[in-house]
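The lines below spell out each chain.
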Amino acid sequence: MKSQKIKKVRWNKNKYAYILIAPGLLLLTLIMIYPLIRGVISSFFTQKAASMQFEKFVGFQHYKELVGDKTFSLSIRNSILYTVIVVAVQYIVGLAVALLLNKKFKGRGIYRSLILIPWVVPGISAAMTWKWMYDSQNGIINQILMKYGFITENIDWLGSRTTALGSVMVTSAWKAIPFMAIVLLAALQQVDIGLYEAVKIDGGSMFHEFRYITLPGIKKISITTILLETIWTYNQFDLIFTMTHGGPANSSMIVPVYTYLTAFSFFKMNKAAAIGTISLVIVSIPAILYIHYSKKEED
Amino acid sequence: MTKKKKNIINKSFIYFAITVITLILDFPFIWMVSTSLKDSVEMFSENPTFLPKKLSFTNYISLLKEYDFMTYLKNSILVSVSTTLVALLFATFMAYGISRFKFRGKNVISSALILTQMFPLPLIILTIYITFVKIGLYNSRFGLVLAYCTFALPFCTMMLRSYFDGLPVELEEAAAIDGCGPFATIFRIVLPLAAPSIVAMGLFAFILSWQELMMSMTLIHSADLRTAPVAISMMVGFRNIVWGPLMAASVVVSVPVVILFIYFQKYLISGMTMGAVKG
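Here the protein sequences come in this chain order: Z and A.
All residue numbers for the first sequence refer to numbering that gives the first Met the number 0, where the first residue is 0 and numbers rise by one.
All residue numbers for the second sequence refer to numbering that gives the first Met the number 0, where the first residue is 0 and numbers rise by one.
Keep in mind the hints are simulated off the structure, nothing from the lab.
Predicted model only: the values in this text are computed from it and were never measured.
Just to be clear, a hint being listed does not mean it is correct.
[Claimed, not checked] Just so you have them, the derived chain Z footprint on chain A, three or more residues with Cβ under 8 Å:
1) 54-65
2) 212-224
3) 230-236
[What the hints assert, rightly or not] In silico DSS-like links for lysine-lysine, alpha-carbon gap of 27 Å or less:
4) Z:K146 x A:K53
5) Z:K105 x A:K265
6) A:K53 x Z:K103
7) Z:K267 x Z:K55
8) Z:K14 x A:K105
The C-beta atom is built at its ideal place from N, Cα and C for all residues, glycine as well.
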């Protein structure tokens with residue numbers, strides 16, 4: 000259908016396509032493709048901190064070093080925990096919100112706008128606000144928990160090893176729930192209403208309705224959105240970097256922050272490149288799945 | 000139980016649940032605004048008040064006077080607006096080319112555009128940093144704009160492409176029959192038609208650049224070129240965090256985004272769902 004349409008345009012010559020695409024493609028090659036390829040290559044070399052020249056080919060030496068690097072293995076563990084838990088919470092809460100917003104009631108539009116606020120607030124503002132709310136002295140979270148007797152002593156949420164990572168996870172999930180909810184709402188609205196009525200006529204329960212109509216109806220969009228969120232959450236940098244800086248004692252270190260610190264605080268560019276390359280491999284799994292599923296959707 | 004009663008109970012449950020969820024989701028935002036308008040006595044009080052008893056603008060005044068925040072805002076505006084314009088210029092042509100023509104490598108380019116959104120940024124930044132130091136684009140706003148195109152350009156291209164895919168080609172065909180070349184067609188027919196959507200994609204690029212932290216922190220060194228998000232992150236010292244001005248700064252950075260969102264909500268929501276779902 001689409002290709003037929005394209006054929007009809009008279010000046011359909013390849014020449015024009017390349018002229019239109021070339022400038023953007025050139026820019027992307029310079030600022031993305033080249034840095035990416037050079038980044039991967041540099042993980043097999045040594046070089047002086049901010050020099051363009053490679054000194055020596057060292058093969059997998061940087062990778063071997065990473066095997067014994069405790070901070071690195073901790074950051075991998077944390078990144079996986081962070082991504083899986085945040086995306087799971089985000090999907091479950093997001094779906095609940097979407098199901099509520101899919102009901103007909105007055106003021107639905109206003110609620111829908113209000114729910115988007117966490118997504119709209121810039122990351123840095125969100126990070127700072129949550130840092131203030133988590134504050135061990137005057138933070139509102141401690142104050143409320145004390146007042147209602149849940150805790151007897153203030154907790155240093157971002158400053159203690161046991162709570163730092165979990166606390167940032169809460170912020171991360173909070174920020175991403177609206178997106179998931181709105182995307183799932185859009186999917187829910189495309190589910191055929193007639194199917195729900197058929198279940199009602201057959202005397203099916205709410206659970207039946209959800210299990211056999213709602214879930215299959217939103218399955219495709221759920222898969223693609225979860226994959227996309229997995230990639231985004233794994234790559235997230237701002238929240239951890241500004242709220243805990245990976246600390247205390249690396250307890251909330253995640254891979255992107257560790258890559259960055261290795262390069263720009265410890266000035267080990269090639270080691271950082273090796274960590275970045277490993278990240279690339281990790282991310283390519285959900286990325287390939289995403290492309291596979293989104294193509295399927297088009298057919 | 001009658002059906003009517005059941006309905007009322009259902010409705011009240013929905014209202015209750017959605018109100019509680021909305022309050023929880025929006026509380027941090029309200030708290031940020033509320034804190035920024037409190038004086039230090041009220042801010043650190045043992046019994047916190049939800050909204051300030053007495054409005055105080057001292058935090059905002061100190062933000063401007065002691066933290067030189069206007070400079071950072073100016074830098075942020077310059078960089079974000081430039082990024083938006085550059086990205087839109089390249090993206091419009093690229094998206095139109097991909098959408099309307101059949102050519103070798105089309106699928107590769109489309110997939111590559113999606114993949115670029117997923118690259119780990121720290122890996123890319125390493126080379127950008129080294130290269131920029133070498134060719135003199137380090138510590139320059141122009142360099143930062145170029146670097147921001149790494150996310151703004153693929154994003155705008157993907158979104159505009161799926162928008163163009165949905166536009167009927169009949170008008171363009173008519174133009175072609177009348178002897179318009181592709182560029183004339185783009186400028187006379189496509190751009191005027193697509194203007195609102197192009198503006199919406201531009202807003203996305205603006206919002207993304209406006210809050211970017213990692214690249215700005217890496218590629219800008221001097222204080223007079225620093226952007227607002229980096230300035231905010233630097234207000235957090237190791238001790239004595241100045242929460243009042245910090246919350247005021249967080250509010251100031253949020254304002255343009257929230258205003259844009261209120262005005263262009265419809266576009267942003269459709270763009271966001273389209274971008275996520277179709278890729």
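We went through each hint and held it up to the structure:
Evaluation of the coverage hint for the segment 54-65 of chain A: breached, as 0 residues show C-beta separations to chain Z shorter than 8 Å, against a requirement of three. Counting residues of the segment 212-224 of chain A whose beta carbon lies closer than 8 Å to any beta carbon of chain Z gives 3, which reaches the threshold of three, so the coverage claim holds. For the segment 230-236 of chain A, the assignment as covered by chain Z holds, since 3 residues bring a beta-carbon within under 8 Å of that chain's beta-carbons and 3 suffice. The suggested pairing of Z:K146 with A:K53 holds, with an alpha-carbon distance near 24 Å, which does not exceed 27 Å.
Restraint check: the Cα-Cα separation between Z:K105 and A:K265 comes to about 19 Å, which is no more than 27 Å; the hinted pair holds. With a C-alpha separation of about 40 Å, the suggested pair A:K53 and Z:K103 falls outside the 27 Å cut-off, and the hint is violated. Of the supplied pair hints, the one linking Z:K267 and Z:K55 holds, its CA atoms being roughly 15 Å apart against a limit of 27 Å. About 13 Å separates the Cα atoms of Z:K14 and A:K105, which keeps this hinted pair within 27 Å; it holds.
Of the numbered hints given earlier, the model fails hints 1, 6; all others are met.
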